[in-house]
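Could you build the full structure based on these sequences and the hints that come with them?
As you go down the protein sequences, you meet chains A and L in turn. The first sequence begins at 1 in my numbering and counts up one residue at a time. The second sequence begins at 1 in my numbering and counts up one residue at a time.
Any given hint could turn out to be false.
[What the hints assert, rightly or not] EDC-like mimics (lysine to aspartate or glutamate), calculated; alpha carbons at most 20 Å apart, straight line:
#1 K32/L to D15/L
#2 K32/L to E10/A
#3 K23/L to E55/L
#4 K23/L to E8/L
#5 K32/L to D136/A
#6 K32/L to E124/A
#7 K23/L to E7/L
#8 K32/L to E53/L
#9 K23/L to E148/A
#10 K23/L to D136/A
#11 K32/L to E34/A
#12 K32/L to E55/L
#13 K23/L to D66/L
[As the list claims (entries may be wrong)] Under 10 Å between C-beta atoms, here's a sample of chain A residues computed to sit facing chain L:
#14 S44
#15 R84
#16 G87
#17 V118
[Said to hold, decoys possible] Listing some non-contacts, in silico: residues in chain L with all C-beta distances to chain A over 10 Å:
#18 A10
#19 D52
#20 E53
#21 T60
#22 L61
Don't read these hints as lab results, they were simulated from the structure. Since this is a predicted model, take the numbers as computed values, not measurements. Where a beta carbon is used, it is the ideal one built from N, C-alpha and C, also for glycine.
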Amino acid sequence: MPLEITDPAEIDREVRTTIAECIRDRGAVPSLAEVASRAAVPESDAGESFGRLAAARVMILRPGTTEILSFNPFAAGPTDFRVRAGGRDWSALCAWDAFGVAAALRTDGLVLGHCGDVCGVPLEVRLAGDAIGALDGVVMQFALPAREWWKDIVFT
Amino acid sequence: MLLFRSEEHAGHWRDARGFPGAKTLSLESGWKLARSWYARKLEPDWRRHTVDEAEALFATLGLTGDFWRLR
Numbered sequence: 001m002p003l004e005i006t007d008p009a010e011i012d013r014e015v016r017t018t019i020a021e022c023i024r025d026r027g028a029v030p031s032l033a034e035v036a037s038r039a040a041v042p043e044s045d046a047g048e049s050f051g052r053l054a055a056a057r058v059m060i061l062r063p064g065t066t067e068i069l070s071f072n073p074f075a076a077g078p079t080d081f082r083v084r085a086g087g088r089d090w091s092a093l094c095a096w097d098a099f100g101v102a103a104a105l106r107t108d109g110l111v112l113g114h115c116g117d118v119c120g121v122p123l124e125v126r127l128a129g130d131a132i133g134a135l136d137g138v139v140m141q142f143a144l145p146a147r148e149w150w151k152d153i154v155f156t
Numbered sequence: 001m002l003l004f005r006s007e008e009h010a011g012h013w014r015d016a017r018g019f020p021g022a023k024t025l026s027l028e029s030g031w032k033l034a035r036s037w038y039a040r041k042l043e044p045d046w047r048r049h050t051v052d053e054a055e056a057l058f059a060t061l062g063l064t065g066d067f068w069r070l071r
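This is how it looks when you write it as C-alpha cells:
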C-alpha cells in the first residue's frame with residue numbers, strides 16, 4: 001500500500017534516501033520502478049520526484065526519460081570510468097565522480113580509466129586513505145570552468 | 001573531467017579539442033576534492049552545497065580564481 005505522503009519535499013527526501021539505500025544495499029543505481037516500490041510511493045509520484053531531484057542537480061536523468069543516468073557520483077550503466085570499491089564494481093561519468101564513488105562509500109578504491117588523449121593508454125589510480133597510487137605524472141583535467149559544468153553535465 | 005597520462009597529454013587534448021582554458025589538477029587534489037564534495041552523498045541528511053559553500057570548499061583546496069567561480 002503506497003504511503004500517503006503529499007508534501008513534495010517529503011517525497012523527494014524519501015525518494016533520495018531510497019536511491020541511496022539501493023546503492024548501499026545492492027551496489028546498483030535503481031530504476032524508477034524499484035524506487036517507487038521500495039519507498040512505497042506511486043510510480044507517478046516517484047517520477048515527478050525524479051524530475052525535481054534532477055532539476056535540483058541531485059542526479060542526472062537519461063535524456064527524455066525518468067530513469068537515472070547518474071546519482072552522482074554513481075552512474076547507472078557502464079562508462080569509461082570503472083571503480084572497484086567496497087567489494088563491488090561501479091561506474092562513474094567522469095574522473096571526479098570515479099574518485100567520488102570511493103569517497104561516498106568512505107572506503108579505498110581502484111579507479112580504472114584511460115588517458116583522454118589520443119593514446120588512450122589504460123590508467124589505474126589507487127585511492128587508499130590519504131595516499132594515491134598511480135603512474136607518475138597522471139593528472140585530472142577540467143575542460144570547462146566551474147560555472148559552466150551544469151550547462152552540459154554529461155559532457156562535463 | 002578526464003584522466004591524462006601527463007600534463008603533455010592533457011595539453012595536447014586541450015589544444016586539439018579547443019579548450020584553451022582547461023585546468024589540470026593533481027590526483028591528490030582531485031581525491032581531496034572528491035572526498036569533500038561527495039563524502040555525505042549517501043547520508044539521509046545530505047544536501048547540496050550552496051554556491052558560497054562550494055566556492056569556499058574550492059578555496060580550501062587552493063582552487064581559486066575565475067575558473068573556480070560559480071557565478
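Query raised in the report: When the hints from earlier in the document are held up against this structure, which numbers fail?
Result: 1, 2, 11, 14, 15, 16, 18
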